[in-house]
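Visitor: This is what each chain is made of:
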Amino acid sequence: MLPAVPFHVPVPASEPVELFPSLRGLVADGERGDWAAVMAHLGGLPGLDDFVVACSQVEGRIADHVLARVPVGDPSWGVAQAMRAARITEEGWKIRGDGWARTVTPPQWAAFREHLNRAEQLLIDVTAREPRLGYAWLERMTTCQGLSLGAAEARRRYDRLSAHAPHTYIAGFRLMQQLLPKWSGSWEQVSAFAAELLRVTPAGSIGLLPVLVAHLERHSAAETDAEAAAYLRDPAVVAEIHLVADRTVRHPAFQPGYRVYTAHDYFAMLFSLMGDHAAAAPHFRALHGRRTPFWEWYFGDAGAAYAGHRDRALARG
Amino acid sequence: MLRHTEVDGVPTLLAPGSGPMVAGLTFRVGRVDEGLARTGITHLVEHLALHRHGVADHHNGVTGGIVTHFHLRGAEADIVRSLELVCDSLSDLPVERLETEKAILRAEAAGRADGVTALLPLWRYGAQHFGLVSYPEWGVDQLSADDVRAWAHTWFTRENAVLWISGDRVPAGLRLRLPGGGRRRPVPPAATVLPSTPAYFAGPNGGVVFDGLMRRHTAGTLFGGMLERELLRALRQEGGLSTTASASYDPRGDGFAVVTAFADAPPERQDAVLGGFVDVLAGFRVGRIEQADLDAVRAKREEALAHPDVHAGRLSGLATDLLTGEPVLSVDELHAELRAVTLDGIHDAALQVTGSGLLQVPPGHRADWAGFTAAPATSSETIPGYTFRSVDGSGAALVLGAEGVSLVEGERRVTVRFRTCAAVHAWPDGARQLIGLDGITVRIEPTLFAAPPDTAARIDAAVDPALVVRMPARTPDAIPRPYTPAQPPPTRLFPAASPDPNLVLVPGAQQGLPQPLIQPQDPAAFPAGRFAARPGRTRPGTAQLIIMIAMFAAGLVFLSCAGVLTIASVEGIEPGEEEFRDVAWYVIVTIAWTGTLTLLGWAGYLLVRRLRS
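Chains A and B, in that order, give the protein sequences.
With the working numbering, letter number 186 in the first sequence gets 191, and the count goes up by one each step, no holes.
With the working numbering, letter number 240 in the second sequence gets 242, and the count goes up by one each step, no holes.
Think of the hints as simulated: they come from the structure by calculation, not from any bench.
Heads up, the beta-carbon is just placed ideally off N, CA and C, and yes, glycines get one too.
Keep in mind that a hint or two might mislead.
Covered by chain A, according to a simulated footprint, are these stretches of chain B (three or more residues, beta-carbon under 8 angstroms) [as the list claims (entries may be wrong)]:
#, segment
1, 261-273
2, 319-327
3, 368-380
Quick list of simulated restraints, FRET-style, between CB atoms [unchecked claim]:
#, chain 1, residue 1, chain 2, residue 2, range
4, A, 15, B, 235, 21 to 31 angstroms
5, B, 301, A, 110, 36 to 46 angstroms
6, A, 106, B, 375, 19 to 29 angstroms
7, A, 115, B, 603, 41 to 51 angstroms
8, A, 137, B, 114, 58 to 68 angstroms
9, A, 119, B, 248, 54 to 64 angstroms
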């Protein structure tokens, strides 16, 4: 007799390229070094959020000389330079590692700073020439955080991005990260930014999702499990999470694009943590057994946690 | 419109103006000519020259960086009389007023707030020439009557002056009895201490300040206007980060001009103002310049040139041009130049200015991320000489050498060489502060280092006496005391992550000037006499001399013993005799030789040290 299938088969994370067939062509074009084809694909995307997801799938796969030879004045120069900067930033973070600052050695710090400075200087030129390029401003939000340039500067970069690409999910997400106490912000700043997003973001916009980051972070920052559970049972918190769901995933105008899995991940995770498995169920169903790497931010064994919560939700819902 | 003539050998510019007559006498002398130990001497002469007029609103003097102006306004007869009084005073200064005018200068200095751009020259040029405008008037206290007379006769001469008058003729009977025999003085060289640009340093709170250089060109005035416009747009209108922003273009007198810009920054938004400022500069650098902005700024400038009194209003600037040998442009020529400026011309100006830029960032900030190099706040080498550890055991060390002095702490050092010393502050308690021409400062506090008691005297003897500025006695609580062991070591002076450029230079944090490497502690926190000064390595004194001679003598005694024993041991061996003596014999010979080498070696070491000192 065959052994019983384990209750929770860990679910591996899926990259966007695995989730969206249309991205496979883009990645293939990038690997081939066909810059014109890459730009044609990127140019057809509806908004900055999709643009950034698509870029994240190719920026590590296009050879640097392909990006470097795009001439200044070419309409795609800014994107090419921003991709180079994104790659340099990524290399810098690999050197630094993702531990706490105190675990980073002085040579690691020096190399990290040197990489981020190089990326930032490329990006300064890009945003100087093309101030409307949201992708470059987003990368500058990343360098701003790594270089500890300050919260007001992060906000300025967010504002410059939002001037031409308002209600971008990923920009709100980055700024929310910057405002967290672990990045020398405060819960007051986090709450104020969440309230601002609730006030200014139109219903149906994916730009409201960063509000959920505030709750997830509050929950995971709690000292004890009991405290964490109590936070997510607070009626005001519950109401706010449902409000965000009503204005996003449950809203008829919601157009998440490449962020559809991210959106359902948020609610599947949050409702599960709240113990509201019935509410989590539709989101697990929408995920079709897939998940994004986002779960790894909050769970040690993300694949098993996902499977456990999913099975509980689907059993009840 | 503009006429050139001459009065008593003084070149004279005439231009029509409405309203009461305005006249001025401008000399090619200013703060850049003074030298750090004599800062304030031109200002003092200017005050003495105006004294005979009493205090009057319409007679005024301005001591600038490269020129000194005397402005006069009023009826023609009044102006003639006043100009003659100024000239007579410059020929024969009322030195009986010296102490009174010194007191007035001190009071003025105390009441004067430093401008936001005050620190840039010091970081760019050091403590000489164009850098001197950053420094207080340190020379005033000890200037003598002879000093000011000599200064007036060297610089305030008819050959080094230009007269300008708003009117169509020189007033009848005007005589300028200025000292003669001088010559037209060129502006000093503008040598920079910045190894590379663009550079940055951290200044006091208040805002972000920037300057950069370009070859003098009318495009610069328009670039300055556009820079101000863009800073206001990006930082005030768009970001709501600053409340004021400004930019200006000022000829330096040597064919170059300085474009200076400032944006204020409230404490909680300093990082964003810095970021926005960097982006505005980057926009100009990459050439994102709009024709509409250029046209708007040009229109404003042309409007100013259309003012009926423009000719008279330009006179003092033209006098400066004449004195510095730059072209004296008419209003029509200026119009033509303004009209000829293109976007390429603006971009060229922007490239020159941003490429040579110096950025002052708010405290605790950096600009390396934006491609600016940290301006040097320390020296590259330590002077060879004797090292004296700080008595608090912090690890800081003072080095006194034949060529200069250094302070060392860890990897950081500041050095002033005697031959490139700009000034020495000398306090009666023995403290000395040496400021190098590069602006680097070494403060020697006798209470902080176990240096020999004659240190101050040796420093005074090593530098040009004219560079020594005698400072008033300090109250006991103003004299620093070492850190007591109970206190944490002063690590905040040396942040590991970012070298703090605020470590150099002179006293006076309230003036926003950078601080010395070893900072005096708050003395109130430490009762006197709580610590025992640990003796450092000192210069050999008389006692050491005696020890040295004694060692030589003892060494010689040991040498002769060892020699006798060795010779005896060789000669004493006869064929067939016992070849090996007992062990004690060898021990004695070894001790004799070891003692000889030790004593002579030690004495030799002491001798070398003594000779080096």
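Visitor: Confirm or reject each hint.
Guide: So, going through the hints one by one against the coordinates:
Coverage of the segment 261-273 of chain B by chain A holds in this model, with 4 residues showing a Cβ closer than 8 angstroms to a Cβ of that chain against a need of three. Counting residues of the segment 319-327 of chain B whose CB lies closer than 8 angstroms to any CB of chain A gives 0, which falls below the minimum of 3, so the coverage claim is violated. With 4 residues bearing a CB less than 8 angstroms from a CB of chain A, the segment 368-380 of chain B meets the requirement of three and the coverage assertion stands. Roughly 54 angstroms separates the CB atoms of residue 15 of chain A and residue 235 of chain B, a value that falls outside the hinted 21 to 31 angstroms.
In this structure the supplied range 36 to 46 angstroms is violated for residue 301 of chain B paired with residue 110 of chain A, their Cβ-Cβ distance being about 58 angstroms. Against the hinted window of 19 to 29 angstroms, the Cβ-Cβ separation of residue 106 of chain A and residue 375 of chain B comes to about 25 angstroms, which satisfies the hint. Restraint check, residue 115 of chain A to residue 603 of chain B: a C-beta distance of roughly 44 angstroms satisfies the suggested window 41 to 51 angstroms. For the hinted restraint 58 to 68 angstroms between residue 137 of chain A and residue 114 of chain B, the CB-CB distance of approximately 46 angstroms leaves it violated.
Checking the proposed 54 to 64 angstroms range against residue 119 of chain A and residue 248 of chain B shows it is violated: the Cβ atoms sit about 35 angstroms from each other.
Hints 2, 4, 5, 8, 9 from the earlier list are contradicted by this structure; the remaining hints agree with it.
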